[in-house]
Amino acid sequence: MSQVKGKIIKKKVVKKMDKKTLTVKSAVAAKKIAKPKAKVQVEEEILMQPPRGMRDLLPGEQPYWNQLRRVLSRISLEYGFQRIDTPAVEYANLFIRSIGKGTDIVDKEIYMFTTKGGDKVAMRPELTAGLGRAYIQHGMNVLSKPVKLFSTGPVYRYDRPQEGRYREHFQANFDAFGEQDPILDAQLIQLAHRVVTSIGIKNIQFQVNSIGCPKCRKEYQELLVAYFESKKQKLCLNCKKRLEINPLRILDCKEDKCIQVAATAPQSIDRLCTECRVHFKSLLEYLDELEFKPTWRNLCRNCAEYGYLKEKEKSLSFP
Numbered sequence: 001m002s003q004v005k006g007k008i009i010k011k012k013v014v015k016k017m018d019k020k021t022l023t024v025k026s027a028v029a030a031k032k033i034a035k036p037k038a039k040v041q042v043e044e045e046i047l048m049q050p051p052r053g054m055r056d057l058l059p060g061e062q063p064y065w066n067q068l069r070r071v072l073s074r075i076s077l078e079y080g081f082q083r084i085d086t087p088a089v090e091y092a093n094l095f096i097r098s099i100g101k102g103t104d105i106v107d108k109e110i111y112m113f114t115t116k117g118g119d120k121v122a123m124r125p126e127l128t129a130g131l132g133r134a135y136i137q138h139g140m141n142v143l144s145k146p147v148k149l150f151s152t153g154p155v156y157r158y159d160r161p162q163e164g165r166y167r168e169h170f171q172a173n174f175d176a177f178g179e180q181d182p183i184l185d186a187q188l189i190q191l192a193h194r195v196v197t198s199i200g201i202k203n204i205q206f207q208v209n210s211i212g213c214p215k216c217r218k219e220y221q222e223l224l225v226a227y228f229e230s231k232k233q234k235l236c237l238n239c240k241k242r243l244e245i246n247p248l249r250i251l252d253c254k255e256d257k258c259i260q261v262a263a264t265a266p267q268s269i270d271r272l273c274t275e276c277r278v279h280f281k282s283l284l285e286y287l288d289e290l291e292f293k294p295t296w297r298n299l300c301r302n303c304a305e306y307g308y309l310k311e312k313e314k315s316l317s318f319p
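Numbering of the sequence shown is given in the working numbering, commencing with residue 1 and proceeding in unit increments.
Everything labelled a hint here was simulated from the structure, so no lab data went into it.
For every residue, glycine included, the Cβ atom is placed at its ideal position computed from N, Cα and C.
No farther apart than 20 Å at their CA atoms in a straight line, the calculated lysine to any residue pairs in the SDA-like style are these: (1) Lys254 to Arg160; (2) Lys232 to Ile259; (3) Lys101 to Ala129; (4) Lys234 to Leu224; (5) Lys148 to Glu179; (6) Lys254 to Gln233; (7) Lys231 to Gln260; (8) Lys218 to Ser230; (9) Lys145 to Pro182; (10) Lys234 to Glu244; (11) Lys148 to Tyr135; (12) Lys148 to Asp181; (13) Lys108 to Glu244.
Estimated spans, in silico, between C-beta atoms of each pair: (14) Leu94 to Ile204: 31 to 41 Å; (15) His138 to Lys281: 32 to 42 Å; (16) Lys116 to Phe170: 24 to 34 Å; (17) Met112 to Leu47: 19 to 29 Å.
Use the sequences and the hints to build the structure in full.
Rendered as structure tokens:
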């Protein structure tokens, strides 16, 4: 209401406001009554193939696998190895500690995940770590030495699949615990030779090397660091990082410029301590008695990755 010249004038706005209020209230009520739209769940398409890097072993292939298993079982018994099977999944720290940070296996290839219970686990990328864990856990260290264990099974590495190379592949593992006698090394080489010849593989060449014990290996790594530091500008970006974490891995780089730098790097064989030199020389003598004529190549991979070797070959002679 307003007052003009002593008269009271009534404004007709109440009805309009009522309509607006009614409209708003009706809209709110309608919104409350309306049922929410049901979410439509779209099922994922089932891919009729295994994940990349995995494969099926079909019935037609099984006779070959059965023959290989028979050969491995027979020869393992002849050499005194006992069968052991460990889980395909272990705590991730087992592999991180045993294989080591800075390796391709740990940094790039390992299948690692956290369980619903919060445990960090990994699918085994190799068999030795699990065997070592079982050896300690089950008190096998009190058994007469050496304790010889044999295992086979699938292992998993998230690597680039290519012909003959899968993310799930199979290993046969022979480990001797409790002794460091070089005759055991010679025996394992002889065993491997028997396995591959028994399944029809010919023209076999054995290559050996040594990275020594932790003491002389540390000295060799320090020598490598000094050498690669002087050539740092010629290294690829990854190898510059490896120089700080694991210099031995530089010897395994596939970049051409890094291969050229590594070709003139110090040799591990020249840096062995007296005890390791005696051990390696004894191994060569045993191999000579067994009429094996191995060649020697410089180490490329970390010892945990079992001495993957580079291209420059040397004749095998050891003072």
